[in-house]
Amino acid sequence: MHLLSFVDNHDVSRIATILTNKNHIPLVYAIMFGMPGIPCIYYGSEWGAEADKKDGDPALRVSFDKPIDNELSAYISKLAKIHRESKALCYGDISVPVLTNKQCIIQRRCDDERILIAINAEDQPFTAHFDAGCGTADELITGTKHDFGGGSELPPYSAQIWKMER
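In full-length UniProt numbering, the protein residues as written are 1 to 166.
Each hint should be verified, as a subset may be incorrect.
In silico DSSO-like cross-links for lysine-lysine, where the CA-CA straight-line distance does not exceed 27 Å [stated by the list, open to error]:
| # | residue 1 | residue 2 |
| --- | --- | --- |
| 1 | 145 | 78 |
| 2 | 54 | 22 |
| 3 | 78 | 66 |
| 4 | 22 | 87 |
| 5 | 53 | 145 |
| 6 | 102 | 163 |
| 7 | 78 | 163 |
| 8 | 87 | 163 |
| 9 | 66 | 163 |
| 10 | 145 | 87 |
| 11 | 53 | 66 |
| 12 | 145 | 163 |
| 13 | 22 | 78 |
| 14 | 22 | 102 |
| 15 | 22 | 53 |
| 16 | 66 | 81 |
| 17 | 145 | 66 |
| 18 | 54 | 66 |
| 19 | 66 | 102 |
| 20 | 54 | 78 |
Simulated from the structure, these hints should not be mistaken for laboratory data.
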(Lines of atoms letter the chains of each structure in order from A and count residues from 1; the text may use other names and numbers.)
(Lines give C-alpha, C1' and ligand atoms only; values in the text may rest on other atoms or scores of the structure.)
Protein backbone atom coordinates (compact mmCIF):
# COMPACT_ATOMS: atom_id res chain seq x y z
CA MET A 1 0.00 0.00 0.00
CA HIS A 2 1.31 3.46 -0.91
CA LEU A 3 0.04 6.46 1.02
CA LEU A 4 0.52 10.13 0.22
CA SER A 5 3.59 11.80 1.70
CA PHE A 6 3.48 15.53 2.30
CA VAL A 7 5.24 18.23 4.28
CA ASP A 8 2.29 20.62 4.41
CA ASN A 9 -1.33 20.83 3.27
CA HIS A 10 -4.51 22.90 3.60
CA ASP A 11 -4.91 22.01 7.31
CA VAL A 12 -1.51 23.09 8.67
CA SER A 13 0.92 25.99 8.38
CA ARG A 14 3.05 25.84 5.26
CA ILE A 15 6.51 24.30 5.66
CA ALA A 16 8.21 27.54 4.54
CA THR A 17 6.55 29.27 7.50
CA ILE A 18 7.30 26.53 10.03
CA LEU A 19 11.02 26.19 9.28
CA THR A 20 13.07 28.94 10.88
CA ASN A 21 16.13 28.06 8.79
CA LYS A 22 15.16 28.50 5.13
CA ASN A 23 18.20 26.42 4.09
CA HIS A 24 16.27 23.40 5.35
CA ILE A 25 13.37 23.80 2.89
CA PRO A 26 15.01 21.95 -0.06
CA LEU A 27 16.28 19.27 2.33
CA VAL A 28 12.77 18.54 3.57
CA TYR A 29 11.64 17.94 -0.01
CA ALA A 30 14.63 15.69 -0.72
CA ILE A 31 13.68 13.60 2.31
CA MET A 32 10.03 13.50 1.26
CA PHE A 33 10.88 12.31 -2.26
CA GLY A 34 13.26 9.73 -0.78
CA MET A 35 10.83 8.22 1.72
CA PRO A 36 8.22 5.55 0.97
CA GLY A 37 4.91 6.91 -0.25
CA ILE A 38 3.56 9.04 -3.06
CA PRO A 39 5.02 12.57 -2.78
CA CYS A 40 2.34 15.27 -2.79
CA ILE A 41 3.10 18.99 -3.03
CA TYR A 42 0.43 21.38 -1.75
CA TYR A 43 -0.10 24.04 -4.41
CA GLY A 44 2.16 27.04 -3.91
CA SER A 45 4.61 25.23 -1.66
CA GLU A 46 6.81 24.45 -4.66
CA TRP A 47 7.38 28.21 -4.84
CA GLY A 48 8.09 28.59 -1.13
CA ALA A 49 4.71 30.17 -0.33
CA GLU A 50 4.25 31.00 3.34
CA ALA A 51 1.08 30.93 5.44
CA ASP A 52 0.34 30.35 9.10
CA LYS A 53 -2.62 28.22 10.23
CA LYS A 54 -3.37 30.75 13.00
CA ASP A 55 -4.27 33.27 10.27
CA GLY A 56 -7.16 31.05 9.16
CA ASP A 57 -8.09 29.14 6.05
CA PRO A 58 -7.98 32.11 3.63
CA ALA A 59 -4.25 32.51 4.34
CA LEU A 60 -3.62 28.82 3.60
CA ARG A 61 -5.72 28.78 0.43
CA VAL A 62 -4.60 31.86 -1.44
CA SER A 63 -5.09 32.31 -5.15
CA PHE A 64 -2.00 32.59 -7.32
CA ASP A 65 -2.35 34.64 -10.51
CA LYS A 66 0.48 32.85 -12.30
CA PRO A 67 3.31 30.41 -11.59
CA ILE A 68 6.21 31.77 -9.55
CA ASP A 69 8.99 29.64 -11.01
CA ASN A 70 12.12 29.88 -8.92
CA GLU A 71 15.10 27.83 -7.72
CA LEU A 72 12.93 25.80 -5.32
CA SER A 73 10.36 24.90 -7.98
CA ALA A 74 13.13 23.80 -10.37
CA TYR A 75 14.69 21.71 -7.58
CA ILE A 76 11.39 20.04 -6.70
CA SER A 77 10.76 19.35 -10.39
CA LYS A 78 14.14 17.60 -10.58
CA LEU A 79 13.34 15.56 -7.45
CA ALA A 80 10.00 14.54 -8.95
CA LYS A 81 11.69 13.38 -12.16
CA ILE A 82 14.29 11.37 -10.21
CA HIS A 83 11.54 9.77 -8.12
CA ARG A 84 9.36 8.96 -11.13
CA GLU A 85 12.24 7.26 -12.95
CA SER A 86 13.42 5.15 -9.99
CA LYS A 87 11.86 1.81 -9.14
CA ALA A 88 13.75 1.85 -5.81
CA LEU A 89 12.29 5.24 -4.84
CA CYS A 90 8.77 4.28 -5.92
CA TYR A 91 8.61 0.75 -4.53
CA GLY A 92 11.80 -0.11 -2.65
CA ASP A 93 12.42 -1.09 0.92
CA ILE A 94 14.09 1.39 3.23
CA SER A 95 17.00 1.39 5.66
CA VAL A 96 19.03 4.16 7.27
CA PRO A 97 22.78 3.39 7.31
CA VAL A 98 23.75 6.81 8.74
CA LEU A 99 21.74 8.81 11.26
CA THR A 100 22.87 11.70 13.46
CA ASN A 101 20.99 14.72 14.81
CA LYS A 102 21.72 16.74 11.65
CA GLN A 103 22.64 14.21 8.97
CA CYS A 104 21.11 11.08 7.54
CA ILE A 105 21.61 8.69 4.67
CA ILE A 106 18.50 6.84 3.60
CA GLN A 107 18.82 3.73 1.44
CA ARG A 108 16.05 2.55 -0.88
CA ARG A 109 16.40 -0.76 -2.71
CA CYS A 110 14.23 -2.62 -5.21
CA ASP A 111 15.42 -5.57 -7.28
CA ASP A 112 18.82 -4.56 -8.69
CA GLU A 113 18.46 -0.79 -8.12
CA ARG A 114 19.83 0.89 -4.99
CA ILE A 115 19.51 4.61 -4.22
CA LEU A 116 20.99 6.57 -1.31
CA ILE A 117 19.62 9.95 -0.24
CA ALA A 118 22.25 11.85 1.77
CA ILE A 119 21.23 14.88 3.83
CA ASN A 120 23.37 17.35 5.77
CA ALA A 121 21.15 19.83 7.63
CA GLU A 122 24.07 21.55 9.36
CA ASP A 123 26.00 24.71 8.45
CA GLN A 124 29.28 22.74 8.40
CA PRO A 125 30.50 20.02 6.01
CA PHE A 126 30.04 16.46 7.23
CA THR A 127 32.02 13.40 6.17
CA ALA A 128 29.99 10.21 6.31
CA HIS A 129 31.94 7.00 6.80
CA PHE A 130 29.93 3.88 6.03
CA ASP A 131 30.06 0.78 3.85
CA ALA A 132 28.46 1.88 0.60
CA GLY A 133 28.82 -1.58 -0.89
CA CYS A 134 30.40 -0.16 -4.05
CA GLY A 135 33.08 2.30 -5.12
CA THR A 136 31.13 4.92 -7.03
CA ALA A 137 27.65 6.18 -7.76
CA ASP A 138 25.90 8.60 -10.08
CA GLU A 139 24.74 11.73 -8.25
CA LEU A 140 21.29 12.25 -9.78
CA ILE A 141 20.66 15.89 -8.83
CA THR A 142 23.87 17.27 -10.36
CA GLY A 143 24.66 14.50 -12.84
CA THR A 144 28.17 14.03 -11.42
CA LYS A 145 30.04 10.90 -10.31
CA HIS A 146 30.45 10.28 -6.58
CA ASP A 147 33.44 8.34 -5.22
CA PHE A 148 32.95 6.68 -1.82
CA GLY A 149 36.69 6.24 -1.20
CA GLY A 150 37.79 7.94 2.03
CA GLY A 151 34.27 8.84 3.12
CA SER A 152 31.54 10.93 1.56
CA GLU A 153 31.73 14.64 2.22
CA LEU A 154 28.37 16.35 2.38
CA PRO A 155 28.48 20.14 1.96
CA PRO A 156 26.57 22.32 4.43
CA TYR A 157 22.78 22.31 3.93
CA SER A 158 22.92 19.78 1.13
CA ALA A 159 21.07 16.82 -0.29
CA GLN A 160 22.58 14.30 -2.66
CA ILE A 161 20.88 11.36 -4.35
CA TRP A 162 23.25 8.59 -5.34
CA LYS A 163 22.32 5.79 -7.73
CA MET A 164 24.71 3.04 -6.77
CA GLU A 165 26.79 1.18 -9.35
CA ARG A 166 25.72 -2.41 -9.91
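Cross-check of the supplied hints:
Between residue 145 and residue 78, the direct Cα distance comes to roughly 17 Å. Compliance with the 27 Å bound is thereby established for this hinted pair. Using a Cα cut-off of 27 Å, the hinted pair residue 54 and residue 22 holds, with the two alpha carbons roughly 20 Å apart. Of the supplied pair hints, the one linking residue 78 and residue 66 holds, its CA atoms being roughly 21 Å apart against a limit of 27 Å. At roughly 30 Å between alpha-carbon atoms, residue 22 and residue 87 are farther apart than 27 Å, so this suggested pair is violated.
With a C-alpha separation of about 42 Å, the suggested pairing of residue 53 with residue 145 is violated against the 27 Å cut-off. Simply put, residue 102 and residue 163 have alpha-carbon atoms about 22 Å apart, close enough for the 27 Å limit, and the pair holds. Between the alpha carbons of residue 78 and residue 163 the distance comes to roughly 15 Å, so the proposed pair stays at or under 27 Å and holds. Pair hint residue 87 plus residue 163 holds up; C-alpha atoms about 11 Å apart against a cutoff of 27 Å.
At most 27 Å may separate the alpha-carbon atoms for a hinted pair to count; residue 66 and residue 163 exceed this at roughly 35 Å. A distance of roughly 20 Å separates the Cα atoms of residue 145 and residue 87; the hinted pair therefore holds under the 27 Å criterion. The hinted pair formed by residue 53 and residue 66 meets the criterion: a straight-line CA distance of about 23 Å does not exceed 27 Å. Of the supplied pair hints, the one linking residue 145 and residue 163 holds, its CA atoms being roughly 10 Å apart against a limit of 27 Å.
Between residue 22 and residue 78, the direct Cα distance comes to roughly 19 Å. Compliance with the 27 Å bound is thereby established for this hinted pair. Distance check on the hinted pair: residue 22 and residue 102 sit about 15 Å apart at the alpha-carbon level, within 27 Å; holds. Under the criterion of a C-alpha separation no larger than 27 Å, the hint pairing residue 22 with residue 53 is consistent with the structure, at around 18 Å. For the proposed pair residue 66 and residue 81, the alpha carbon gap of about 22 Å is at most 27 Å, so the pair holds.
A hinted pair counts as satisfied when its Cα atoms are at most 27 Å apart, and residue 145 with residue 66 does not qualify at roughly 37 Å. Between residue 54 and residue 66 the CA atoms are separated by roughly 26 Å; this keeps the pair inside 27 Å, and the hint holds. With a C-alpha separation of about 36 Å, the suggested pair residue 66 and residue 102 falls outside the 27 Å cut-off, and the hint is violated. For the given pair, residue 54 sits about 32 Å from residue 78 by alpha-carbon distance, which is inconsistent with the 27 Å threshold.
Hint compliance for this structure: hints 4, 5, 9, 17, 19 and 20 are broken, all remaining hints hold.
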